[in-house]
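Colleague: Listed below, chain by chain, are the residues.
4 protein chains.
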Amino acid sequence: MQRFYKLIQIALIALPLLAMRQDKPLKVIFFGDSITQAGVGPTGYITKMTEMLKANGKSAQYELAGAGIGGNKVYDLYLRLEDDVLSKKPDVVFIYVGINDVWHKTSHGTGTDADKYVKFYDALIRKMKAQNIRVIVCTPTVIGERNDNSNAQDGDLNYYSKLIRDIATKNNVQVCDLRKAFGDYLLKNNPENKEKGILTSDRVHLTDDGNKFLAERMMEALVQK
Amino acid sequence: MQRFYKLIQIALIALPLLAMRQDKPLKVIFFGDSITQAGVGPTGYITKMTEMLKANGKSAQYELAGAGIGGNKVYDLYLRLEDDVLSKKPDVVFIYVGINDVWHKTSHGTGTDADKYVKFYDALIRKMKAQNIRVIVCTPTVIGERNDNSNAQDGDLNYYSKLIRDIATKNNVQVCDLRKAFGDYLLKNNPENKEKGILTSDRVHLTDDGNKFLAERMMEALVQK
Amino acid sequence: MQRFYKLIQIALIALPLLAMRQDKPLKVIFFGDSITQAGVGPTGYITKMTEMLKANGKSAQYELAGAGIGGNKVYDLYLRLEDDVLSKKPDVVFIYVGINDVWHKTSHGTGTDADKYVKFYDALIRKMKAQNIRVIVCTPTVIGERNDNSNAQDGDLNYYSKLIRDIATKNNVQVCDLRKAFGDYLLKNNPENKEKGILTSDRVHLTDDGNKFLAERMMEALVQK
Amino acid sequence: MQRFYKLIQIALIALPLLAMRQDKPLKVIFFGDSITQAGVGPTGYITKMTEMLKANGKSAQYELAGAGIGGNKVYDLYLRLEDDVLSKKPDVVFIYVGINDVWHKTSHGTGTDADKYVKFYDALIRKMKAQNIRVIVCTPTVIGERNDNSNAQDGDLNYYSKLIRDIATKNNVQVCDLRKAFGDYLLKNNPENKEKGILTSDRVHLTDDGNKFLAERMMEALVQK
Chain C
56 MQRFYKLIQI ALIALPLLAM RQDKPLKVIF FGDSITQAGV GPTGYITKMT
106 EMLKANGKSA QYELAGAGIG GNKVYDLYLR LEDDVLSKKP DVVFIYVGIN
156 DVWHKTSHGT GTDADKYVKF YDALIRKMKA QNIRVIVCTP TVIGERNDNS
206 NAQDGDLNYY SKLIRDIATK NNVQVCDLRK AFGDYLLKNN PENKEKGILT
256 SDRVHLTDDG NKFLAERMME ALVQK
Chain L
56 MQRFYKLIQI ALIALPLLAM RQDKPLKVIF FGDSITQAGV GPTGYITKMT
106 EMLKANGKSA QYELAGAGIG GNKVYDLYLR LEDDVLSKKP DVVFIYVGIN
156 DVWHKTSHGT GTDADKYVKF YDALIRKMKA QNIRVIVCTP TVIGERNDNS
206 NAQDGDLNYY SKLIRDIATK NNVQVCDLRK AFGDYLLKNN PENKEKGILT
256 SDRVHLTDDG NKFLAERMME ALVQK
Chain A
56 MQRFYKLIQI ALIALPLLAM RQDKPLKVIF FGDSITQAGV GPTGYITKMT
106 EMLKANGKSA QYELAGAGIG GNKVYDLYLR LEDDVLSKKP DVVFIYVGIN
156 DVWHKTSHGT GTDADKYVKF YDALIRKMKA QNIRVIVCTP TVIGERNDNS
206 NAQDGDLNYY SKLIRDIATK NNVQVCDLRK AFGDYLLKNN PENKEKGILT
256 SDRVHLTDDG NKFLAERMME ALVQK
Chain D
56 MQRFYKLIQI ALIALPLLAM RQDKPLKVIF FGDSITQAGV GPTGYITKMT
106 EMLKANGKSA QYELAGAGIG GNKVYDLYLR LEDDVLSKKP DVVFIYVGIN
156 DVWHKTSHGT GTDADKYVKF YDALIRKMKA QNIRVIVCTP TVIGERNDNS
206 NAQDGDLNYY SKLIRDIATK NNVQVCDLRK AFGDYLLKNN PENKEKGILT
256 SDRVHLTDDG NKFLAERMME ALVQK
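Residue numbers (the working numbering), protein chains in the order written: chain C, 56 to 280; chain L, 56 to 280; chain A, 56 to 280; chain D, 56 to 280.
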């Protein structure tokens with residue numbers, strides 16, 4: 056009889072765990088701009104991640120979805136947060152935004168001030184955490200691939216990356232430090248210090264190599280912990 | 056005795072009606088930028104409106120409150136909509152925003168694209184209307200007082216004003232056409248075609264005359280209908 | 056004695072040549088940006104002016120040449136003034152620059168401040184007048200064809216046009232008021248208030264109608280006085 | 056024969072004059088923006104250089120003059136090159152310009168495109184070299200003192216510095232690499248990674264320490280070779 060109770064006890068403890076393991080794949084949303092919009096294309100980074108999972112027999116465990124719209128800045132994500140993310144009930148959300156916030160300052164006069172960037176970013180995280188979503192924040196990749204901090208927006212991209220790392224610490228969420236990863240890669244693999252053609256086709260949007268490299272970094276972040 | 060009950064009955068029915076009529080003033084919130092932030096100062100337009108109501112013995116009917124923050128653009132209003140407006144349960148809200156959306160394009164590289172301006176404006180109205188708030192949208196006043204469309208941002212301000220009028224039509228809300236009112240006033244009262252010093256002290260922020268003129272236009276819009 | 060006849064002979068031959076020298080065509084240079092660069096193309100405004108002269112049997116009296124380079128602002132003209140204009144010894148120069156000075160403020164962050172615009176413009180005129188060139192200054196045409204001052208750069212274009220008119224008065228040179236001419240035309244001929252497609256194909260560069268309209272305005276200015 | 060003696064006589068008189076010519080102080084002009092305009096102030100870098108020369112008993116050998124005007128970009132220097140530099144017949148000219156060319160992109164929308172920057176810079180050097188002036192080109196110092204390439208304009212400043220080094224090589228003129236010097240100093244002396252307060256008071260304009268540091272770098276470049 057005691058045994059029986061013991062078994063019941065174990066079952067009661069184990070059941071939820073089993074349920075958590077088996078019942079439904081982890082729903083992951085990538086929330087971002089044109090790079091993420093292209094991420095679900097035939098050679099996009101999200102497509103590549105799905106292929107990686109398949110190759111490793113883990114297709115059933117993850118369901119990856121893109122929520123990227125070209126030209127989006129942090130406040131655009133905030134405007135469509137409910138419709139495009141919260142209502143989908145994801146388990147994990149990657150926030151990958153910032154390039155347009157910096158770039159549009161000179162290209163359109165409509166970038167995002169650093170203090171506003173932080174406010175909206177904090178608000179995004181707060182609303183996601185309120186729904187128990189695991190948030191992974193990404194530092195912005197590149198606008199220009201020169202590896203000696205001589206691309207016009209490097210200063211601002213480095214600064215916004217620091218802001219994102221601070222936001223992560225403050226909100227206790229995980230960082231996927233894409234800017235550092237891209238920088239390290241370009242130091243080694245861009246000996247001619249070219250502006251584009253390594254990981255990007257046009258200084259911003261990704262080549263096949265770029266999508267592959269991004270997919271690997273995202274996957275590392277996803278399976279971490 | 057029956058009469059007494061009858062009276063009580065009537066009173067019980069009438070009281071809530073009376074209460075509805077009398078007990079609480081119409082709560083009006085002015086939602087905007089630095090001009091509205093200054094609007095609650097000693098010579099600000101909201102203060103002047105409160106004084107106008109008092110002078111006309113209508114103090115009990117209206118409760119005016121400012122919700123202006125310097126440097127705010129349309130998306131900043133959206134970010135603090137819940138905290139600064141919806142949670143206060145206002146009856147009427149004036150939305151008066153757009154100057155920074157246009158101005159910051161060249162002064163900081165962080166203005167607001169026209170299409171994004173419309174999207175956030177629509178979202179503001181939608182959320183207010185869902186709470187049965189009477190919304191009054193204001194066209195932006197001026198950045199420079201020259202009266203011949205030769206202030207640097209006149210083209211953009213005229214365009215954003217048209218967008219606001221279209222937004223009003225589409226959403227069936229009232230317009231307080233400040234840009235037109237200021238323009239008409241300056242045609243008559245700025246014979247030297249000066250950049251500032253008539254309704255503004257610095258091309259944007261209001262002089263005492265400017266606050267008075269604005270208070271009158273706002274009051275007309277408020278009591279209309 | 057034979058020598059004397061020889062001299063007479065030479066004189067008789069030379070006389071018509073001298074006459075021709077006096078009759079030599081008036082050399083006109085159009086100094087500007089991409090619109091002027093396209094002006095010498097098959098349907099460009101300078102080509103059309105040459106055709107107009109031919110049709111009127113005045114080909115021999117004028118020699119028109121373009122000196123336009125895409126993206127040029129007033130200071131770019133100043134940098135190449137010696138090489139592209141003064142060294143060619145023109146009789147007349149049209150200066151037609153200003154669109155990029157205004158436009159690039161938001162599109163690239165590299166427009167020209169109004170005070171600098173005036174300084175370089177004055178310097179251009181001063182150097183041309185020192186060489187006895189007849190200078191005709193043109194106000195900038197359009198960036199967007201809406202006819203109600205609601206194109207984003209209308210305020211600035213109107214302002215820079217006023218500056219040019221003031222420069223002309225101050226330096227006692229002729230004005231070809233293209234901005235006014237285009238504005239008047241669009242008021243009559245753009246009933247739907249479209250952004251482009253009337254005189255321009257893309258808000259700035261000219262359609263065939265635009266080149267024809269511009270050629271007529273330039274011709275009027277050239278033959279005036 | 057008498058003619059020959061006459062020539063010898065003239066030579067003997069001329070020799071001391073030639074000697075005097077060599078002994079006359081080296082005329083040095085600093086050609087730049089607001090930092091150079093402030094350079095001739097009581098604590099400015101040019102004033103400090105003059106004091107350094109006096110302390111070393113070399114006052115007679117150098118005559119230092121400032122030609123800085125606030126807000127100047129490379130093309131502003133070109134416009135006033137004749138009046139403010141060439142007409143003064145200097146022996147040496149330091150060109151120190153670039154901060155506003157980069158900064159004004161976002162602060163006013165009126166910075167200078169990189170290709171135009173190079174064109175005007177080349178033209179400055181060409182005209183100076185035609186007058187046998189020894190030209191020393193300076194890379195721009197800082198807009199923000201953070202030492203990890205996270206000041207907004209660091210990317211652009213690094214890039215324009217590379218352009219200046221290339222211009223120097225191409226034109227065979229000396230470089231005073233202020234950007235590198237300031238960067239190295241800030242790596243050691245700005246442990247808190249502050250935005251200002253080390254060498255600058257406001258991210259751009261120099262503190263007393265900044266002027267002293269700049270004076271030393273300029274002096275090293277001047278006495279070099």
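Be aware that one or more of the hints could be misleading.
A pair holds if it fits inside one copy or across any two, identical chains being indistinguishable in the list.
Here are the simulated lysine to any residue pairs, SDA-like style, with alpha carbons at most 25 angstroms apart [unchecked claim]:
#: 1; residue 1: 182; residue 2: 249
#: 2; residue 1: 143; residue 2: 174
#: 3; residue 1: 174; residue 2: 239
#: 4; residue 1: 109; residue 2: 249
#: 5; residue 1: 267; residue 2: 250
#: 6; residue 1: 217; residue 2: 239
#: 7; residue 1: 249; residue 2: 138
#: 8; residue 1: 79; residue 2: 182
#: 9; residue 1: 251; residue 2: 92
#: 10; residue 1: 79; residue 2: 189
#: 11; residue 1: 267; residue 2: 178
#: 12; residue 1: 109; residue 2: 95
#: 13; residue 1: 182; residue 2: 137
#: 14; residue 1: 113; residue 2: 222
#: 15; residue 1: 225; residue 2: 246
#: 16; residue 1: 251; residue 2: 112
#: 17; residue 1: 182; residue 2: 242
#: 18; residue 1: 249; residue 2: 203
#: 19; residue 1: 174; residue 2: 162
#: 20; residue 1: 143; residue 2: 252
#: 21; residue 1: 113; residue 2: 218
#: 22; residue 1: 235; residue 2: 249
#: 23; residue 1: 144; residue 2: 134
#: 24; residue 1: 174; residue 2: 114
#: 25; residue 1: 217; residue 2: 126
#: 26; residue 1: 235; residue 2: 256
#: 27; residue 1: 251; residue 2: 222
#: 28; residue 1: 249; residue 2: 222
Calculated from the structure, these hints are not laboratory results. Just so you know, these numbers come straight off a predicted model, no measurement behind them.
Colleague: For each hint, tell me whether it holds in the structure or not.
Modeller: Quick rundown of the hints versus the structure:
Taking the closest pair of Cα atoms, residue 182 and residue 249 never come within 25 angstroms of each other, the shortest separation being 40 angstroms inside a single copy and 33 angstroms across copies. Taking the shortest alpha-carbon separations for residue 143 and residue 174, both the intra-copy value of 24 angstroms and the inter-copy value of 22 angstroms come in at or below 25 angstroms. Neither within a single protomer nor between protomers do residue 174 and residue 239 lie at most 25 angstroms apart by alpha-carbon distance, with minima of 29 angstroms and 34 angstroms respectively. In this assembly of identical chains, residue 109 and residue 249 lie within 25 angstroms of each other by CA distance neither inside one copy nor across copies; the values are 35 angstroms within and 48 angstroms between.
Proximity of residue 267 to residue 250 under the C-alpha cut-off of 25 angstroms is restricted to the intra-copy arrangement: shortest distance 19 angstroms within a copy versus 37 angstroms between copies. In this assembly of identical chains, residue 217 and residue 239 lie within 25 angstroms of each other by CA distance both inside one copy and across copies; the values are 16 angstroms within and 21 angstroms between. For the identical chains of this complex, residue 249 and residue 138 are neighbours neither inside a copy (40 angstroms) nor across copies (34 angstroms), given an alpha-carbon limit of 25 angstroms. Taking the shortest Cα distances, residue 79 and residue 182 sit within 25 angstroms of each other inside one copy (23 angstroms), while across copies they are farther apart (34 angstroms).
In the homo-oligomer, the alpha carbons of residue 251 and residue 92 lie at most 25 angstroms apart inside one protomer (20 angstroms), although the nearest pairing across protomers, at 30 angstroms, exceeds that limit. In this homomeric assembly, residue 79 and residue 189 come within 25 angstroms of each other (Cα to Cα) only inside a single copy, at 16 angstroms, whereas the closest approach across copies is 45 angstroms. In this homomeric assembly, residue 267 and residue 178 never come within 25 angstroms of each other (Cα to Cα): the closest approach is 31 angstroms inside a single copy and 37 angstroms across copies. For the identical chains of this complex, residue 109 and residue 95 are intra-copy neighbours only, at 16 angstroms inside a copy versus 60 angstroms across copies, given an alpha-carbon limit of 25 angstroms.
In this assembly of identical chains, residue 182 and residue 137 lie within 25 angstroms of each other by CA distance both inside one copy and across copies; the values are 9 angstroms within and 13 angstroms between. With identical chains, the CA atoms of residue 113 and residue 222 are never at most 25 angstroms apart, being 31 angstroms at best within one copy and 49 angstroms at best between copies. In this assembly of identical chains, residue 225 and residue 246 lie within 25 angstroms of each other by CA distance solely across copies; the values are 23 angstroms between and 37 angstroms within a copy. For the homomeric pair residue 251 and residue 112, neither the shortest alpha-carbon distance inside one copy (35 angstroms) nor that between copies (54 angstroms) is at most 25 angstroms.
In this assembly of identical chains, the alpha carbons of residue 182 and residue 242 never lie at most 25 angstroms apart, being 37 angstroms within a copy and 39 angstroms across copies at closest. Proximity of residue 249 and residue 203 under a CA criterion of 25 angstroms is satisfied in both settings, with 11 angstroms inside one chain copy and 22 angstroms between copies. Proximity of residue 174 to residue 162 under the C-alpha cut-off of 25 angstroms is found in both arrangements, the shortest distances being 23 angstroms within a copy and 21 angstroms between copies. For the identical chains of this complex, residue 143 and residue 252 are neighbours neither inside a copy (36 angstroms) nor across copies (44 angstroms), given an alpha-carbon limit of 25 angstroms.
For the identical chains of this complex, residue 113 and residue 218 are neighbours neither inside a copy (34 angstroms) nor across copies (50 angstroms), given an alpha-carbon limit of 25 angstroms. Taking identical chains as interchangeable, the C-alpha atoms of residue 235 and residue 249 lie at most 25 angstroms apart whether they share a chain (18 angstroms) or sit on different chains (22 angstroms). Taking the shortest alpha-carbon separations for residue 144 and residue 134, both the intra-copy value of 17 angstroms and the inter-copy value of 22 angstroms come in at or below 25 angstroms. Taking the shortest Cα distances, residue 174 and residue 114 never come within 25 angstroms of each other, neither inside one copy (36 angstroms) nor across copies (37 angstroms).
In this homomeric assembly, residue 217 and residue 126 come within 25 angstroms of each other (Cα to Cα) both inside a single copy, at 22 angstroms, and across copies, at 24 angstroms. Proximity of residue 235 to residue 256 under the C-alpha cut-off of 25 angstroms is restricted to the intra-copy arrangement: shortest distance 19 angstroms within a copy versus 31 angstroms between copies. Taking the shortest Cα distances, residue 251 and residue 222 sit within 25 angstroms of each other only across copies (23 angstroms), while inside one copy they are farther apart (30 angstroms). Proximity of residue 249 to residue 222 under the C-alpha cut-off of 25 angstroms is restricted to the inter-copy arrangement: shortest distance 19 angstroms between copies versus 32 angstroms within a copy.
In the structure shown, a violation is registered for the earlier hints numbered 1, 3, 4, 7, 11, 14, 16, 17, 20, 21 and 24, in ascending order.
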